[in-house]
Amino acid sequence: MLEHMKRDWLSNIRGDVLAGIVVALALIPEAIAFSIIAGVDPKVGLYSSFCIAVIIAFVGGRPGMISAATGAMALLMVTLVKDHGLEYLLAATLLTGVLQICAGYLKLGSLMRFVSRSVVTGFVNALAILIFMAQLPELTDVTWHVYAMTAAGLGIIYLFPYIPAIGKMIPSPLLCIVALTIVAMFLDLNIRTVGDMGELPDTLPIFLWPDVPLNLETLLIILPYSAGLAVVGLLESMMTATIVDELTDTTSDGNKECKGQGIANIGAGLFGGMAGCAMIGQSIINVKSGGRGRLSTFVAGLVLIIMVVFLDDWVSQIPMAALVAVMIMVSIGTFSWSSITDLRTHPVSSSIVMVSTVIVVVATHNLAFGVLIGVLLATLFFSNKIGRLMMVKPHFNKTDNVRTYEVIGQVFFASAEQFTKAFDFKEAVETVIIDLTHAHFWDITAVSSLDKVVIKFRREGATVTIVGMNEATATVVDKFGVHNDPEEVEKLLGGH
Amino acid sequence: MTKIITCVDGSAISSAVTEAAVWISKKLDKPLLFLHTLEKEQQHGADDYSGAIGLGARTALLEEMTKLDEQRSKVALQLGIKLLEYVVNQAKTSGVKDVESLQRHGDLIDSIDDIEGQTRLIVIGRSGKGHDGNFSVLGSHIETLLRKASHPVMVIPSTFKTPVSFMIAYDGRETADKALQRVIDGGLLHGLHCHLVSVKNNESYQKDKFAAAQQKLEDKGFNVTASFIEGNIHESLIEYKEAHDIGLIVMGAFGHSKLRQFFLGSNTLKMLESSKVPMVVLK
Chain L
1 MLEHMKRDWL SNIRGDVLAG IVVALALIPE AIAFSIIAGV DPKVGLYSSF CIAVIIAFVG
61 GRPGMISAAT GAMALLMVTL VKDHGLEYLL AATLLTGVLQ ICAGYLKLGS LMRFVSRSVV
121 TGFVNALAIL IFMAQLPELT DVTWHVYAMT AAGLGIIYLF PYIPAIGKMI PSPLLCIVAL
181 TIVAMFLDLN IRTVGDMGEL PDTLPIFLWP DVPLNLETLL IILPYSAGLA VVGLLESMMT
241 ATIVDELTDT TSDGNKECKG QGIANIGAGL FGGMAGCAMI GQSIINVKSG GRGRLSTFVA
301 GLVLIIMVVF LDDWVSQIPM AALVAVMIMV SIGTFSWSSI TDLRTHPVSS SIVMVSTVIV
361 VVATHNLAFG VLIGVLLATL FFSNKIGRLM MVKPHFNKTD NVRTYEVIGQ VFFASAEQFT
421 KAFDFKEAVE TVIIDLTHAH FWDITAVSSL DKVVIKFRRE GATVTIVGMN EATATVVDKF
481 GVHNDPEEVE KLLGGH
Chain F
1001 MTKIITCVDG SAISSAVTEA AVWISKKLDK PLLFLHTLEK EQQHGADDYS GAIGLGARTA
1061 LLEEMTKLDE QRSKVALQLG IKLLEYVVNQ AKTSGVKDVE SLQRHGDLID SIDDIEGQTR
1121 LIVIGRSGKG HDGNFSVLGS HIETLLRKAS HPVMVIPSTF KTPVSFMIAY DGRETADKAL
1181 QRVIDGGLLH GLHCHLVSVK NNESYQKDKF AAAQQKLEDK GFNVTASFIE GNIHESLIEY
1241 KEAHDIGLIV MGAFGHSKLR QFFLGSNTLK MLESSKVPMV VLK
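Protein chains in written order, with our numbering: chain L, 1 to 496; chain F, 1001 to 1283.
Errors might be hidden in some of the hints.
Straight line, CA to CA, 30 angstroms or less: simulated DSS-like cross-link-like pairs of lysine-lysine [stated by the list, open to error]:
hint	chain 1	residue 1	chain 2	residue 2
1	L	Lys6	F	Lys1074
2	L	Lys6	F	Lys1030
3	F	Lys1209	F	Lys1030
4	F	Lys1067	L	Lys6
Honestly, the hints are just simulated from the structure, not real lab data.
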């Protein structure tokens, strides 16, 4: 245990601390930008980012992953804040945490296996688009100065790293923010700054219980929001975890991460912050900057709060254009560029899944709906494909006037109709043998269509014999506990 | 057949470990299995603190990190193969007929755990790579290994000399009785002169138990010198060892839970840290 702690925390101190500082710079714009979108003061998002990052560093299941206040979550809170106010948001955040902890104990993290690669790609792309779209209000109805500032900011972010020697030592988003702030202050430009967007934190967060009546009415108000937040938060966290797993070639504990997200959200709610989750873009920045351990997440949260609390006079001078530039970078970095080129090579069905996920998310601003549609479509496409793995071979024995149908493959709701159609009821035969030895009946639909076939043949006056019924229907039972027993699986798959 | 699992990592201690393993293998008439694990080192970052991520950043980063890992792993894999070839040869020329080698990716403890079923005894150097020459440091794996392993573990210092006598500390506790039984049941220590040592304390029943233990060993044909010594447990044991030129120490596994040990300190662990002769820790 102690050894684990040492490895998770202290094995990479230099890398983690430096990466944490770099990441903090990418957390601030997101926290501020999405607080504004959620309709609350920037301090709510900043407190939240601090609490979540620091808590998840201890209790998360994926060292090196960054969690804080995120856009995906903020977008779900808009109407709650508008209709009921901040206190209800804090209460909803607490409930979100409780739901996520339950999900962790119920081991719902393993449900992620039903989320296919295409859905994950769609989710990631949709998220990138949402982050980008969230910047648009800052770019509409403004003077040309803002466009110039944003363009200059992006220029600094992407070109500065190419400067030899110092290019890779100083975080370019930091340089972008500092440079644009200095320019705005010197030229005395009349453009929006962070200070115009609402209250910034001037103290460390303090413990406060949300000021809401504790009754059923409150619960009914916040529950739908909390459920949505819990689902989206876990989805994004799980997906980010798989991305970090892949990048670092290590494994993570999904259910621990679920519980950790829950605890972190409860912490955020109690200290005046809004619900958050893991962040794909910032986690990539963390890994890229050398962050691997829990320390990196911790430092990111700590640096963030130090910067905004002690430098709040300066932070309030930052022009929004600088933050917009950083967020556009995060959006671009989050987007899976290869998914566009893959559209040509991937099967149409998986492209449809990916694009549908994106469209539904962008239309509803709710990542959960997108994933739901994506998973549904992927499942439909899959069952359609598997349904085609079925064949009925007729043989005829003229001397005895016996017709044998040999059924091979998977019979279930998607292939049941095809199965029924394969029999020739018009043929006048005395005996019909249906050989199911090499077939698998997966559900009740399959069994009842076999019944139908038998009844139809009987009505035509044929005697029906069924061969291999037991083998074929072994798979109907829901719990054919085969996962761990290779022998059982072999029995089931016999003949395939 | 169960085997002598011998952990080698290419550090200076590996040759002492090999010699010890050869001795054990011959004595117990069990095959040798040299185990080399390729432990994943913590990846370093790309030294890129620009914090900028552009189009295709994830794919590019994955590609870059895979390349780094690939290069490092390839070298480590080759080195490991060479090392195993070398030690297998060394063992064969020393007269062990049945020698195998196994190379695994991942943590050493996990790898040992994976082959638990075919283990008779585990031989490991007291500290591995990165500690060469620094005597007082115990290898990072030793403690965890001793806790997790379900078979005896022999911890080897930087040089190995075939022992002619061994010392077993006896405190009358259940773990000590178990250890004694294991010495009698196993074949490794038969024929070696046995020093049965007890550090004095006030518990009166101990004396009878001590005599019984001595009797038990003598019945099995051990040549026993039994001694009562006084003082701090581990210091006096080490003193005794020095005075009688003892070649090998036998200890029972840790007496108490990890939590208690965290505060109290474990004698076994202390002995491990200061012992300059091989130590067998019985489970």
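Problem set entry | Given pair status - Lys6/L, Lys1067/F, alpha carbons within 30 angstroms | The given pair, whose Cα atoms are some 27 angstroms apart, holds under the 30 angstroms limit.
Exercise. Between Lys6/L and Lys1074/F, is the straight-line Cα distance small enough, at 30 angstroms or below?
Worked result: Distance ~28 angstroms between Lys6/L and Lys1074/F Cα, so the pair holds.
Exercise. Does Lys1209/F pair with Lys1030/F here, judged by a C-alpha cut-off of 30 angstroms?
Worked result: 33 angstroms, violated
For this session: Mind checking the alpha carbons of Lys6/L and Lys1030/F for me, to see if they're no more than 30 angstroms apart?
Result: Not OK: Lys6/L and Lys1030/F at ~37 angstroms, beyond 30 angstroms, violated.
Consistency with the previously given hints fails for numbers 2 and 3, ordered from lowest to highest.
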